[in-house]
Each structure stands twice: as C-alpha cells, then as structure tokens.
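Undergrad: Sequence:
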Amino acid sequence: MSDLAEFVVILTAIVLAVPLARRCRLGAVIGYLIAGVVIGPSGLGLIRDHEAILHIGELGVVLLLFLIGLELKPSRLWALRRPVFGLGGVQVLATGAVATLALRLLDYPPAGALVAGLALSLSSTAFVLQLLAEQGELGSRHGRDAFAVLLLQDVAVIPMLALLPLLATETRPGDEGDGLRQAAVAVAAITVAVLASRYLVPRLFRLIAASRSHEVATAGALLVVAAAALGCAEIGLSMSLGAFLIGLLLADSEFRHELEANIEPFKGVLLGLFFIAVGMSANLGLLAEAPLRLLGLTLGLMALKAGLMFGVACAWGHAAASAGRVAVLLAQGGEFAFVLFANAAGLGLLDAARVEELSVVVTLSMALTPLLLAALQAGEHWLAARRPRPPGPPLPPISPAPVLIAGYGRFGQTLARFLRVRHVPYTLFDTDVARIELGRQLGETVHYGDASRVELLRAAHAAHAAVLVIGIDDVETSLRAAATAHRHFPQLRVLSRACNARHTLRLMDLGVQAVASDTYLSALEMAECVGVALGDAPADIRAEVERFREHDQRNLRRLHGLHHDERRMLAAARAAVLEMEAVFGGRERRPPAGRDD
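Under our numbering, the first residue of the sequence shown carries the number 21, and numbering increases by one thereafter.
Hints may be right or wrong, so weigh each one.
[Said to hold, decoys possible] Restraint-style ranges between C-beta atoms, simulated for each label pair:
1. R43 to P285: 21 to 27 Å
2. Q461 to V236: 33 to 39 Å
3. V28 to G366: 27 to 33 Å
4. P420 to R522: 32 to 38 Å
5. L458 to A486: 22 to 28 Å
6. A553 to G366: 52 to 58 Å
Derived from the structure by calculation, the hints contain no laboratory data.
Even for Gly, the Cβ is constructed at its ideal location relative to N, Cα and C.
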C-alpha cells in the first residue's frame, strides 16, 4: 500500500471512530485508540509500519507539553497551590509508591517498577476534563479538585521524564559518573533556555510581528518548540522536557496567546496520530492469550487508584459522594503513561513485553471509566430515592426574612448586594466554608447549610417566606433543593439559576417559576453592544433585543416536556429558530465602514 493510501486509511479511521466514540461518551482518546487497533497489525492489518507514525505522533506530545507550560503561569499555580500541591501531590506520591510495590511483587525489575508505578499514578487530563464538561461539573467542588490533581500530574510528568536517564545509568554497570554529568548538563540546558526565552525569543517574535505574516508567525512558533525539543534530545534529555521548559518560561510573555493559537491546530492532529500509533501497537493477541490476567491487572489498578483517591479526598474534606466521584474520575491510566513507557523502553528500563502489557491495561482502564462513572451516578440516584436522609446537626436560630438565597457564589453575592441596597431582608445559605468566611469579611451573615434539607428550610422560616432563590452551581444539588421546596413549601415562589438549557428544562419540571441562565442575560447585553457598534440606535436595538427575549422565552416553554426526547427537542429547536427568523423578517444589517490600515 502506498504512503498516500495509508494516509487516506488513517484519516478515514479518525473520521469514523472519533465521532462514534464521542457519541458513546467514551471520549476522543478512546476513539483514536480504537481506530489504531482496527487498522493496525492486530486488526485489519492495513498499516504495517506503525513505528514511523509513532515517531511523528510524538511531536504531538511535545506540542501538548509546550502548551501545558504556557498555561502554567506562576500566579495561576500560586492561586491553586493548596489543592494542586496538597491533594495532587499526595495522590501522585501515594499511588506511585503503592503501584511500585505491587509491580515488584509481579517480578518487575526495581527501576522498571518505579517508572511503571509513577506512570500508572497519572490519569488522563483530556479524558477527565471532557467527562466533566459533558456532565456540566467543571465548576463543582469535585470537578475543581479533580482538575487540580490533573494539573499536578501534568507538571509531575516533567521530573518523571528527567528521572529516566538517571535510572538508566544506574542499571548499567560502569556508568556511575553519568548521573552527575547528566545533572550538570540539565542545569546548563535550563540556563540556556532561560537566557534564550529572555533575550532571544522576544526579539525573534518582534521581528516576525513586523512582517505581518501569519505563515511566518506559525513557522516561528513551531521553530521555538522544535529547537527546544531538539536541544534537549541532543544532550540526552527528553524532547518533551525541552518543550515544557520553554513553554513555562514563555508563560508570562506578551506573545503567549499568539504562540498558543499557532500551535494548537498542529497539536491536535499530531496528538491524534500518537494515540492512533499507540492503538496500532496494542497487542490484541496478548489480550486473547491472558484475558484474566489483563482484566485483573486493569481492575486492580482502578481499585488501587480509586481507593487511595477516595481516602485522600475524604481527608481533604469531601463528602463521601463527592470523594467517590473524584475517585472514579481519576481511576484510569493517562495518555502520558504511554509516553513514559515508550521512553523507558528506549532506555532499556522496561522490556517490550511489559510495555505491551501495561499499554493494554491503561487502554482498558480508560475504556471502563465512563461505564464506572455512569454506574456510580445511577447508584447515587437509586440510594437518594430510597434512603431517608439522616438528620443534620442542630441549626442556630435564624431570623425570618421574605427572601431566602441558597448559594453565596458570584450569583448569590450579586443578588444579595442588590437586595441590601434596597433594604430587602434576606437569609443566605452555603455549604462552602470559604464562602461563608468571605461573607463574614464582607459584613454578611451566611448560614452553613444545605438548602435541599427540609430541616434547614423549616429553620429558615420558609413557610412564611415569599421567595427562594437557588444560586447553587451544582446541577444535581440545585434540583434537589427545588424538589424539596416544591414538595414541602408549595406557597414558596422558587427562582433559580441554570447552567444550560437542559438544566433549565429540568428545573421547570420541578415547578420552578423563573430561571436565569448563567450566560443568557449577559449574552443579550452583549447583543445590544454589538447592535450599537454596527450603527443601530440604542433605543431601537434595546427594543429588538427585548422582542427577541420574549420570543425565546416563549419557545423555551414550548420545549418544556420534550427534553427527554432529544430528537423531538432538536427538531422543535430548529423550527423555533426558523420561526424567529420569519418574525424578525430576516433584515440584514450592514456593518459600519472600517478603517483602511
């Protein structure tokens, strides 16, 4: 088969497998791996030389680590220091140590067991963030802490990669002095990178910016990454280490966003090729020969990681349900495990048979994670529906107020400030101790409590209140609070924020009388600004936006009841868009004349 034919086969596999995996909520990474397995030697055998594709795909890992370095501004790391270095650090060290001991019991050599144990402590950043985004839980506490752990893991990859050559020198007799030489070379390389990022790279990009050529800017961004990777490779360090280091040094540069925009498209394509090549190298014959061993190793890895993460999260202050979600989300192996396995094999720390075994285990763990998360959520709903909630701690006396506000995040803070200046009494609740302390510092009295508990609402005199505003950012908690209020206090007018349209419709199912979407009103305000910028009179565009809002709210009420049937809901939404276009008459706005530069 010609090179062009193989290229067509790879693109076809990507186009078919990745959307299918996303539709099944398995994630793009699993889609790439499946595509590689199908077209590789263990599948249809359409691609034979997967090593060449793996070498090209490794550039995707290099670009990914460069972008991770760009994202890690010192100020951002400092803001997240407690969950990142506390929660994340304990997770990596504890999981790595226990996994290393377990692999030693399986007759792995000491250095190989350490490398594999550290690699298996990592989880898949792309995989977990996609699952959280699909569930709308990136802003929840377990979502934020899972992200913090993943951030630490991404940073930890770099010292792990730097450790490999040092371990390799210790496994070769007569090379005792190589470790010190390698450390000295690494320090020299870091010094050169710091000087280059401070004096050479800014001058280069100012020269490129003066050319006003997008193609030259893209080539310059790739040149910086490739030069850093090549420099580290030439002195015996990891290419990924060089890319991460130069990205970290440029994180505060004025060219940071330009670099990110130019690198991102190449990163996605090349990283996809890397995962396809990993899938091609997967030995399905090994899975057929020893299914029980591989399945046992996979379940053992997931149980180990989930169990340790659950304990760490509980010690960090998570409730059992929240800790369980963090544990399941981070139970799989990660994409950087493949990178560490490949580097360790190249240095002779792991043999090919063990790399194949570990790669299959990581792949299976990634495939099982969405299923375990779905099972956990189903179990939570089943238990919540059948188990009576235990009584909470006794509540302090609360003064009656006509307005109850559940949640003291940005939404609740803004609403409270408005009611305060209008001298409208209100009562605030939250379960986040940090927010309660913030309220105290701002002169607010924020009571600790879960608004989905009927005891709390009774203590807050909900039977005599007029309005309950649910400003909670967690979807399921806000739904439980709305259901509790509707069931026990039917006279109470319940209003709520919503994260998205589906959340809005679920709140309407529970009888919530008014819903404010997180982004809806701000988007309409921006629509007014856009109209004014295009030359419309402020009064005219304000009237048109109000007209749009009325029609949009009417259409949302029509969709109520259809959100359980996705096909009917999408068809109704398309029809609503066409109807609104007809109502507005399809008038075209001519943009104002721009300046000639």
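Undergrad: Does each hint hold? Answer for all of them.
TA: Do the hints match the structure? See the list:
| no. | hint | result |
| --- | --- | --- |
| 1 | R43 to P285: 21 to 27 Å | holds, 23 Å |
| 2 | Q461 to V236: 33 to 39 Å | violated, 51 Å |
| 3 | V28 to G366: 27 to 33 Å | holds, 30 Å |
| 4 | P420 to R522: 32 to 38 Å | holds, 35 Å |
| 5 | L458 to A486: 22 to 28 Å | holds, 27 Å |
| 6 | A553 to G366: 52 to 58 Å | holds, 56 Å |
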